[in-house]
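J.: Given next are the chains, with one letter for each unit.
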Amino acid sequence: MSEAAERGHEDFALEQRLGALLRGGVILSASVTLIGGIMFLATHGGAHVSYHTFTGEPTELRTVGGVIAGVARGDSISIIQLGVLLLIATPIARVAISVIGFARERDWMYVGCSLLVLALLMYGLVHGG
Amino acid sequence: MHALSFTLITLGGGLLAGLVGALTGLGGGVVLVPLLTLGLGVDIRYAIGSSLVCVIATSSGAAAAFVREGFTNIRVGMFLEIATPVGALLGPVVAVYVSSSTLAVIFGIVLMFSAAQSLRQRVEHIAVTEPGTLGARLRLASTYPHDGTLVSYGVTRVPAGFAMMFAAGILSALLGIGSGVVKVLAMDRAMHLPYKVSTTTSNFMIGVTAAASAGVYLHRGYINPVLVMPVVLGVLAGAMLGARLLARAHVKPLRMLFTAIMVALAVEMLYQGLTKRI
Numbered sequence: 001m002s003e004a005a006e007r008g009h010e011d012f013a014l015e016q017r018l019g020a021l022l023r024g025g026v027i028l029s030a031s032v033t034l035i036g037g038i039m040f041l042a043t044h045g046g047a048h049v050s051y052h053t054f055t056g057e058p059t060e061l062r063t064v065g066g067v068i069a070g071v072a073r074g075d076s077i078s079i080i081q082l083g084v085l086l087l088i089a090t091p092i093a094r095v096a097i098s099v100i101g102f103a104r105e106r107d108w109m110y111v112g113c114s115l116l117v118l119a120l121l122m123y124g125l126v127h128g129g
Numbered sequence: 001m002h003a004l005s006f007t008l009i010t011l012g013g014g015l016l017a018g019l020v021g022a023l024t025g026l027g028g029g030v031v032l033v034p035l036l037t038l039g040l041g042v043d044i045r046y047a048i049g050s051s052l053v054c055v056i057a058t059s060s061g062a063a064a065a066f067v068r069e070g071f072t073n074i075r076v077g078m079f080l081e082i083a084t085p086v087g088a089l090l091g092p093v094v095a096v097y098v099s100s101s102t103l104a105v106i107f108g109i110v111l112m113f114s115a116a117q118s119l120r121q122r123v124e125h126i127a128v129t130e131p132g133t134l135g136a137r138l139r140l141a142s143t144y145p146h147d148g149t150l151v152s153y154g155v156t157r158v159p160a161g162f163a164m165m166f167a168a169g170i171l172s173a174l175l176g177i178g179s180g181v182v183k184v185l186a187m188d189r190a191m192h193l194p195y196k197v198s199t200t201t202s203n204f205m206i207g208v209t210a211a212a213s214a215g216v217y218l219h220r221g222y223i224n225p226v227l228v229m230p231v232v233l234g235v236l237a238g239a240m241l242g243a244r245l246l247a248r249a250h251v252k253p254l255r256m257l258f259t260a261i262m263v264a265l266a267v268e269m270l271y272q273g274l275t276k277r278i
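Chains Y and P are the protein sequences, given in the same order.
Quick note: the first sequence uses my numbering, first residue 1, plus one each step.
Quick note: the second sequence uses my numbering, first residue 1, plus one each step.
Check each hint, because a few of them may be wrong.
Stated by the list, open to error - Computed far set for chain Y versus chain P, every beta-carbon distance over 10 Å:
| # | residue |
| --- | --- |
| 1 | I68 |
| 2 | A69 |
| 3 | A72 |
| 4 | R73 |
| 5 | G74 |
| 6 | I100 |
| 7 | A103 |
| 8 | R104 |
| 9 | R106 |
To be verified - For the chain P half of the interface with chain Y, some residues (derived, Cβ under 10 Å), not all of them:
| # | residue |
| --- | --- |
| 10 | T7 |
| 11 | I44 |
| 12 | A57 |
| 13 | A62 |
| 14 | E69 |
| 15 | G70 |
| 16 | V86 |
| 17 | A88 |
| 18 | P92 |
| 19 | R220 |
| 20 | Y222 |
| 21 | M229 |
| 22 | L236 |
Claimed, not checked - FRET-style restraints, in silico, Cβ to Cβ:
| # | chain 1 | residue 1 | chain 2 | residue 2 | range |
| --- | --- | --- | --- | --- | --- |
| 23 | P | M1 | Y | M39 | 18 to 26 Å |
| 24 | P | H146 | Y | T59 | 51 to 59 Å |
| 25 | P | M1 | Y | A20 | 37 to 45 Å |
| 26 | P | V94 | Y | A72 | 30 to 38 Å |
| 27 | Y | G66 | P | K252 | 41 to 49 Å |
| 28 | Y | G112 | P | L8 | 47 to 55 Å |
| 29 | Y | G112 | P | S5 | 49 to 57 Å |
| 30 | Y | S50 | P | A160 | 29 to 37 Å |
| 31 | Y | L28 | P | R255 | 27 to 35 Å |
| 32 | Y | R106 | P | L4 | 52 to 60 Å |
Since the hints were made in silico from the structure, they are not lab data.
Backbone N, C-alpha and C define an ideal beta-carbon position, used for all residues, glycine too.
Hey, can you work out the whole structure from these sequences and the hints?
T.: Rendered as structure tokens:
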């Protein structure tokens with residue numbers, strides 16, 4: 001077997017894990033979004049909504065901590081936003097799993113690569129660019 | 001409009017965008033933003049925020065299937081993913097200085113280009129076995145399943161591909177799209193990866209690119225939960241339906257119809273942008 005083919009086989013186990021993680025993340029986030037959505041419509045279905053002009057979301061819905069605080073209060077809009085956060089977290093978790101996968105293969109170059117990508121993503125989520 | 005009726009209409013719009021995205025292979029974002037802005041009068045910034053969230057959803061859902069089939073080159077993906085988030089983190093910073101009208105014009109151009117790309121014949125490269133220097137040093141060579149056997153391929157012109165990915169990251173963040181078209185061009189044309197490997201690896205990367213800019217836009221208040229909820233659920237349902245339809249034959253007339261819709265949306269975006277209506 002060529003070197004590339006051998007590595008392809010090694011990567012296969014990692015690929016299976018990544019596939020399961022991506023699917024699980026999407027299903028979880030869609031479920032949370034749906035629950036929050038139903039709760040919102042049940043209580044505010046008749047409220048007036050308009051997105052013609054950009055006003056920006058309130059501060060609480062802009063940070064991870066704020067969203068979690070809202071969810072703890074049982075606020076339906078915060079629950080939807082938690083679903084969005086879970087979705088954003090899915091590719092980030094995928095990169096984190098890759099770090100572990102490459103470390104198991106002792107492929108330090110790609111461990112470094114994945115760590116750099118992970119750092120960039122965390123920076124965007126935590127600091128807002 | 002009342003929240004309930006708006007939600008139902010947006011759910012339908014998301015469904016259509018997800019369906020078009022899956023059948024044309026372009027992802028939902030490039031259709032969703034014009035649909036929300038032109039069809040429902042949503043401010044382009046809210047539309048971009050919602051679209052980015054949907055892009056993560058559809059690309060992660062599709063990548064889950066592709067990764068398992070062994071087409072995706074996770075090393076190429078991971079290496080190039082250094083470039084896309086840098087672009088994606090810069091995009092929202094640039095966006096502050098770009099007017100909505102200019103965004104609409106850029107969007108129209110990209111949409112036109114994407115429509116042309118969706119009609120292009122998908123030519124499968126004969127596997128390149130001679131990798132470039134950097135491609136060899138980064139150990140990017142891999143195999144993919146083809147006609148029941150594993151075919152080996154090498155990777156060339158890595159720096160060119162890397163630069164194109166940086167541009168794809170900026171474009172993705174500016175417009176709220178996955179920039180799959182640019183990513184596939186970078187891998188298929190510049191780096192000479194097999195077409196199927198290019199499209200699946202592009203899909204794999206899109207989630208990371210979109211997650212980087214979605215994080216930034218969340219902080220800037222572009223992501224409105226009440227708007228995002230029906231859009232993302234609709235797009236996911238549409239994408240699943242599209243995947244089912246793709247498994248059957250005769251989607252070509254449908255693809256032609258959707259490409260025509262994209263051209264119409266592109267013209268409208270350009271018109272609205274140039275006349276400063278958006």
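J.: Against the structure shown, which of the earlier numbered hints fail to hold, in ascending order?
T.: 30
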